[in-house]
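Number of protein chains: 2
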Amino acid sequence: MSKRVGETSGARTQLSRERVLRGAVAVADRDGIGALTIRSLAQELGVKPMSVYYYVANKDEILDGIVDLVFGEIELPSPGGDWRSEIRRRAVSARAVLRRHPWAIALMESRTTPGPATLRHHDATLGTLRGAGFSVGMTAHAYALLDAYVYGFALQESSLPFAGPDTAAEVTESIAQQISAEDYPHLIEMATEHVLRPGYDWGDEFEFGLGLILDSLAASLPEA
Amino acid sequence: MSKRVGETSGARTQLSRERVLRGAVAVADRDGIGALTIRSLAQELGVKPMSVYYYVANKDEILDGIVDLVFGEIELPSPGGDWRSEIRRRAVSARAVLRRHPWAIALMESRTTPGPATLRHHDATLGTLRGAGFSVGMTAHAYALLDAYVYGFALQESSLPFAGPDTAAEVTESIAQQISAEDYPHLIEMATEHVLRPGYDWGDEFEFGLGLILDSLAASLPEA
DNA sequence: GACGCTACAGTACTAAGTACGAAAACGCCA
DNA sequence: TGGCGTTTTCGTACTTAGTACTGTAGCGTC
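Chains as they are written, first to last, in this note's numbering: chain Z, 131 to 354; chain V, 131 to 354.
Misleading hints may appear alongside valid ones.
For chains that are exact copies, the list does not tell them apart, and a pair is met inside one copy or across any two.
[Said to hold, decoys possible] Using 25 Å as the maximum straight-line C-alpha spacing, the simulated DMTMM-like pairs for lysine to aspartate or glutamate come out as follows:
hint, residue 1, residue 2
1, K178, D296
2, K178, D159
3, K189, E335
4, K189, E312
5, K189, E303
6, K178, D277
7, K189, E203
8, K189, D334
9, K189, D277
10, K189, E174
11, K189, E319
12, K178, E337
13, K189, D296
14, K178, D331
15, K189, E323
16, K178, E148
17, K178, D334
18, K189, D161
19, K178, D161
20, K189, D159
21, K189, E205
22, K178, E205
23, K178, E303
Calculated from the structure, these hints are not laboratory results.
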């Protein structure tokens with residue numbers, strides 16, 4: 131009864147580790163990481179739950195795998211180019227990727243076995259900084275700072291209940307109505323005089339911090 | 131048979147929402163957030179599972195509650211003092227708290243209903259920045275940057291498999307042995323020439339980034 | 001054409017969240 | 001002191017999810 135490999139109705143291609151992981155990303159993107167269960171994943175793939183266990187040992191391996199997939203989506207900086215624009219490009223790309231896959235941020239906390247894409251990513255970034263003339267110690271400083279900022283920003287962004295210009299307004303408003311101006315005057319000020327203004331996009335804050343960090347790092351570099 | 135309130139052996143005081151939440155924090159600190167189940171929490175409290183549901187509606191409410199408890203542990207900056215030292219103190223305290231309760235970082239991502247301690251914290255920090263002379267817009271920039279850095283650093287710190295001086299060495303070494311110097315030369319360089327050096331404490335990187343950020347923000351402030 | 005390998009599926013056990021309702025303890029008053 | 005409503009705790013049972021163990025269909029090989 132069941133469809134077999136290479137059979138007439140070409141719908142179901144063969145399963146593979148790759149397809150399992152991509153399916154898991156699709157489920158997590160669509161319904162959140164909480165909705166990613168072996169059963170929901172199997173349904174996404176059009177197979178029965180236990181079939182996915184042929185390609186992965188357990189759910190943890192799936193989680194490790196999709197974190198590495200996400201890392202693979204981040205643009206690599208090339209050690210050859212101008213370090214500032216390369217590092218900026220990487221940061222912007224990382225932020226965009228983590229916005230697409232917000233569940234990945236929290237996952238990175240619990241996973242400890244880095245995959246190949248993750249290692250390649252770190253190596254390329256370190257290489258770009260070293261190539262720019264930063265010492266080993268200064269590279270460690272810079273990398274810790276940059277990544278803390280990028281991940282931290284993504285973390286905040288994902289925990290905000292809005293995304294994109296103007297969408298902040300409605301949500302902030304409904305929250306602002308519930309907190310008293312006496313107890314939290316500065317919160318109210320920030321909301322009414324800034325966030326609730328039309329055209330405000332919280333995501334724009336990213337550029338400010340990134341620019342400030344890159345400027346300061348550049349200033350610490352000996353003149354070329 | 132069971133011990134009751136005010137009975138002879140004074141061990142079991144009455145349950146309360148407060149005790150439930152503190153118990154949850156204790157379990158999460160000791161065994162990780164993954165080990166926090168209604169059953170494990172009940173055991174911690176010396177009661178049966180369903181008893182905790184008298185004080186909280188569901189597990190989500192517990193999670194919201196303990197995030198707010200953690201926020202309450204962070205030292206509040208006082209708007210009266212020198213803004214730089216106040217903001218620095220808050221950042222250092224926040225980092226310390228998140229190191230004590232690493233599970234809180236990931237939780238903050240999923241929780242969206244801020245508790246009173248959380249609101250008070252944000253309000254005090256905003257107030258300190260405004261009092262220092264930053265405009266509303268600049269305060270938003272500064273706060274986004276500072277918090278991204280603090281949370282991001284804590285996030286990285288928690289995902290590193292080591293904590294404290296020198297402990298980095300063993301772990302890094304075991305990992306470094308598994309990755310080839312040809313494929314990841316800069317990763318190897320960083321490990322051998324920096325992280326593996328005796329006395330190295332990754333946590334020290336925090337001060338560098340924090341100082342850099344505070345310096346840059348101070349530079350943007352009009353002279354007093 | 002028996003054997004074994006690959007790929008998938010069925011059954012069933014366990015852990016965890018929690019709805020529902022019983023029951024124990026307590027306070028209050030007659 | 002005994003009855004009664006309220007507060008607090010607990011027992012039972014249903015549901016979802018991870019996964020161990022086992023079965024089986026297709027296919028290649030000698």
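Quick rundown of the hints versus the structure:
1. K178 / D296: Cα proximity of K178 and D296: none, with 43 Å in one copy and 48 Å across.
2. K178 / D159: Answer is within: at 21 Å inside a copy they meet the 25 Å cutoff, but 37 Å across does not.
3. K189 / E335: neither (36 Å within a copy, 34 Å between copies)
4. K189 / E312: neither (48 Å within a copy, 31 Å between copies)
5. K189 / E303: For K189 and E303, the Cα distance exceeds 25 Å both inside one copy (40 Å) and across copies (27 Å).
6. K178 / D277: For K178 and D277, the Cα distance exceeds 25 Å both inside one copy (39 Å) and across copies (44 Å).
7. K189 / E203: within (22 Å within a copy, 34 Å between copies)
8. K189 / D334: Result: close neither inside a copy nor across copies, 36 Å intra and 35 Å inter.
9. K189 / D277: neither (27 Å within a copy, 32 Å between copies)
10. K189 / E174: within (15 Å within a copy, 28 Å between copies)
11. K189 / E319: Answer is neither; intra-copy 46 Å and inter-copy 33 Å both fail.
12. K178 / E337: Answer is neither: 46 Å inside a copy and 51 Å across each miss the 25 Å cutoff.
13. K189 / D296: neither (38 Å within a copy, 33 Å between copies)
14. K178 / D331: Neither. Shortest intra-copy (43 Å) and inter-copy (48 Å) distances fail the 25 Å Cα cut-off.
15. K189 / E323: neither (46 Å within a copy, 36 Å between copies)
16. K178 / E148: For K178 and E148, only the intra-copy Cα distance (17 Å) is at most 25 Å; the inter-copy one is 44 Å.
17. K178 / D334: neither (44 Å within a copy, 49 Å between copies)
18. K189 / D161: For K189 and D161, the Cα distance is within 25 Å both inside one copy (17 Å) and across copies (20 Å).
19. K178 / D161: within (19 Å within a copy, 33 Å between copies)
20. K189 / D159: Both. Shortest intra-copy (17 Å) and inter-copy (24 Å) distances satisfy the 25 Å Cα cut-off.
21. K189 / E205: Neither, since 27 Å and 39 Å both go past 25 Å.
22. K178 / E205: Answer is neither: 35 Å inside a copy and 51 Å across each miss the 25 Å cutoff.
23. K178 / E303: For K178 and E303, the Cα distance exceeds 25 Å both inside one copy (45 Å) and across copies (41 Å).
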